[in-house]
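Could you slot chain G onto chain U? The hints should help.
Residue numbers (the numbering used here), protein chains in the order written: chain U, 1 to 481; chain G, 1 to 248.
Derived from the structure by calculation, the hints contain no laboratory data.
Warning: the hint list may mix true and false statements.
As the list claims (entries may be wrong) - Computed cross-link-like contacts, SDA-like style, restricted to lysine to any residue with a CA-CA straight-line distance of at most 20 Å: (1) 454/U with 145/G; (2) 381/U with 353/U; (3) 100/G with 469/U; (4) 151/G with 429/U; (5) 61/U with 199/U; (6) 443/U with 180/G; (7) 443/U with 109/G; (8) 470/U with 91/G; (9) 25/G with 191/G; (10) 100/G with 466/U; (11) 151/G with 180/G; (12) 14/G with 1/G; (13) 470/U with 92/G; (14) 443/U with 191/G; (15) 443/U with 473/U; (16) 454/U with 89/G; (17) 443/U with 141/G; (18) 18/G with 41/G; (19) 25/G with 58/G; (20) 425/U with 89/G; (21) 25/G with 214/G; (22) 65/U with 199/U; (23) 45/U with 29/U; (24) 58/U with 75/U; (25) 425/U with 145/G; (26) 443/U with 112/G; (27) 443/U with 428/U; (28) 223/G with 22/G; (29) 64/U with 85/U; (30) 443/U with 70/G; (31) 54/G with 70/G; (32) 425/U with 51/G; (33) 443/U with 96/G; (34) 223/G with 19/G; (35) 443/U with 104/G; (36) 199/U with 296/U; (37) 54/G with 429/U; (38) 151/G with 29/U; (39) 100/G with 126/G.
Okay, here's what each chain looks like letter by letter:
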Amino acid sequence: MAYTEEELKKELETKEYEYGFYTDIDSETFPVGLNEEVVRRISQKKQEPQWMTEWRLKAYKAWKKMEEPEWANVHYNKPDYQAISYYSAPKKKDQYKSLDEVDPELLKTFEKLGISLDEQKKLAGVAVDIVMDSVSVATTFKETLAEKGIIFCSISEAIQEHPDLVQKYIGTVIPIQDNYFAALNSAVFSDGSFCYIPKGVRCPMELSTYFRINQAGTGQFERTLVIADESSYVSYLEGCTAPSRDENQLHAAVVELIALDDAEIKYSTVQNWFPGDKNGKGGVYNFVTKRGICHTNAKISWTQVETGSAVTWKYPSCILKGDHSIGEFYSIALTNNHQQADTGTKMIHLGKNTKSTIISKGISAGKSQNSYRGLVQVHPKSTNARNFSQCDSLLMGNQCGAHTFPYIEARNNTAQIEHEATTSKIGEDQIFYCNQRGIDPEKAIALVVNGFSKEVLNKLPMEFAVEAQKLLEISLEGSVG
Amino acid sequence: MLTIENLHAQVEGKQILKGIDLDVKAGEVHAIMGPNGSGKSTLSSVIAGHQDYKVNQGTMLLEGEDLADLAPEERAHKGIFLSFQYPVEIPGVSVTNFIKTAINATRKAKGLEDMPANVMLKKIREKSALLEIDSRFLSRSLNEGFSGGEKKRNEIFQLAMLEPKLSILDETDSGLDIDALKIVANGVNKLRSKDNAMIVITHYQRLLEYIVPDFVHVLFDGKIVKSGTKDLAVELEEKGYDWIKEMV
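Only chain U is shown next, with the shape it has when bound in the complex:
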């Protein structure tokens, strides 16, 4: 007979994590623990220049004096930072010229992820930089991009090859002492991506990075730096997965975006870290700091689809420094079972005539807690600033929670700020209506959820939108795949 809400809930609980496999790759891992010596060794391993080592040490010293934040609406056992290994690299670390040289196990991993490099290369026209356990193992399309003067490589490589750019911009948007996790990342980041688009260049393809945590007991601290020089454009995609493990894995990334005058950066994330099992065991702690700065007439657009992680703490933000600059934040956060998400954005209006838009869609199922936390701040000199915020929550069942914490600080009376919020529930009547038209309950839920998320899904690049849509379905479906 038909499905009741009870039965739906039961189905949702049985959903399995699709990417829960472990790749057996010979890797070199540091013993657990963090001290100055470990920071030095990471820097040494990566043959970094002196200034980088010192920058890391400064960050480490700052971190040691800081305390883990507790203001977010999430509850977890704080990780023991001395029980984590801060470096894990696949041992055969060569520069691959062709796919044949890549470890076959690694290739298998990519295949399971559905991002066969080869296919990506040939079909999608996407340049992929893959970060697996902290070290960037393969970069494609580098040559095509190089012709336009675009630099797209691992951050380690950038530190070697383009130290001037890295030194000039790293830590300028997110200072090392910005917050606990950013400081930790600054001290121990092992790899990440770097991207530079020269003046007036429109990047001809979507740049893509795929992160994956593999080794047990390692934290992933990747660092991304994207610089769009004057009048340039880039669309950057980031996807994340992790194998299922019983223990909680830590992920503390930092992403800095710099959009110089008239530049535009579109940054899209599909985050599918392991969320833990249905009893709330395991899963990734995702404590990420993402922030961009917009110079005159520049635009930064964050789009995120967050379906994974046991605990998410993430607020991709925009500093609208230049006049006429624009910041956008489009987010879908889906939580199921025991997942907890506290996510949102900060829009800091400094320049005149700056505009920001926030569209947040939270979907909660199971026993999960989903919070939107956002700050819209208008500084005294920012005349005619505008903001529009819309926060919608969709609930499934009656054991989950949706929360909204909007903070508005306007210190200029020309500011125009609008905030709208709705909360709705997937109703049995909606499901029955779909059923009556021949659509089964799982598909019906997917339909309602996709409809709810449409405004944000539409902001994603085409191929990513399809993947994100599937991910939303998988995250809520009873059966695998």
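Relative to chain U, chain G alone:
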């Protein structure tokens, strides 16, 4: 087509249907009339398989097949369609996307491939013309912000697209002005054929002037207390439901 025998059903422990017998053959249109609370909408929900309604006695057979153990979507796949009295809103899902999903779900259940896009498009154009539906309407979110008339027209549009064997129109006339009623009735009439059947549930005789039934049944207190031809509907309109109450 549909054979109902001694059907008893309850909702939240309250007995609503108390022994319904109904035999609907292919090509026929049956009207079910009755005062408020007589069980008309319960009957349509029970046929469609709504989980809140428990059948505690009797049988329902569709072309000889017992419906008892079939989920609502399985009944839909077998060709049962319910035009809802209060169609639900699904924000962000367009009319087109919804009907496409519904058609392909039914095809999948029958082991067929998805309907090719061009065939789908042609069919959508044809059926929307039949119901005088504007193409802009098709890209709007399902039932969101629709007027009463638009909601009902959308229901009949879905009926036209899905081509069911048995259609149940539950109070399709409620919320319709006379122009909209004519368009909807006209559409329904064009969809009538010797291979399908319809059950029209209504409180008033008005709709039956446009959709002329072969049989009229009067439902009262969970039972069919009187059956006849379309003249019965006229008589009911004149004498009111009190006449039936007295008779029972």
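Checked hints:
no. : hint             : result
1   : 454/U with 145/G : 17 Å, holds
2   : 381/U with 353/U : 10 Å, holds
3   : 100/G with 469/U : 17 Å, holds
4   : 151/G with 429/U : 16 Å, holds
5   : 61/U with 199/U  : 37 Å, violated
6   : 443/U with 180/G : 32 Å, violated
7   : 443/U with 109/G : 13 Å, holds
8   : 470/U with 91/G  : 19 Å, holds
9   : 25/G with 191/G  : 16 Å, holds
10  : 100/G with 466/U : 17 Å, holds
11  : 151/G with 180/G : 11 Å, holds
12  : 14/G with 1/G    : 29 Å, violated
13  : 470/U with 92/G  : 17 Å, holds
14  : 443/U with 191/G : 28 Å, violated
15  : 443/U with 473/U : 8 Å, holds
16  : 454/U with 89/G  : 15 Å, holds
17  : 443/U with 141/G : 17 Å, holds
18  : 18/G with 41/G   : 14 Å, holds
19  : 25/G with 58/G   : 19 Å, holds
20  : 425/U with 89/G  : 12 Å, holds
21  : 25/G with 214/G  : 11 Å, holds
22  : 65/U with 199/U  : 40 Å, violated
23  : 45/U with 29/U   : 12 Å, holds
24  : 58/U with 75/U   : 30 Å, violated
25  : 425/U with 145/G : 18 Å, holds
26  : 443/U with 112/G : 17 Å, holds
27  : 443/U with 428/U : 14 Å, holds
28  : 223/G with 22/G  : 10 Å, holds
29  : 64/U with 85/U   : 17 Å, holds
30  : 443/U with 70/G  : 18 Å, holds
31  : 54/G with 70/G   : 13 Å, holds
32  : 425/U with 51/G  : 19 Å, holds
33  : 443/U with 96/G  : 16 Å, holds
34  : 223/G with 19/G  : 6 Å, holds
35  : 443/U with 104/G : 12 Å, holds
36  : 199/U with 296/U : 14 Å, holds
37  : 54/G with 429/U  : 17 Å, holds
38  : 151/G with 29/U  : 62 Å, violated
39  : 100/G with 126/G : 15 Å, holds
When the structure is compared with the earlier hints, violations turn up for hints 5, 6, 12, 14, 22, 24 and 38 and for no others.
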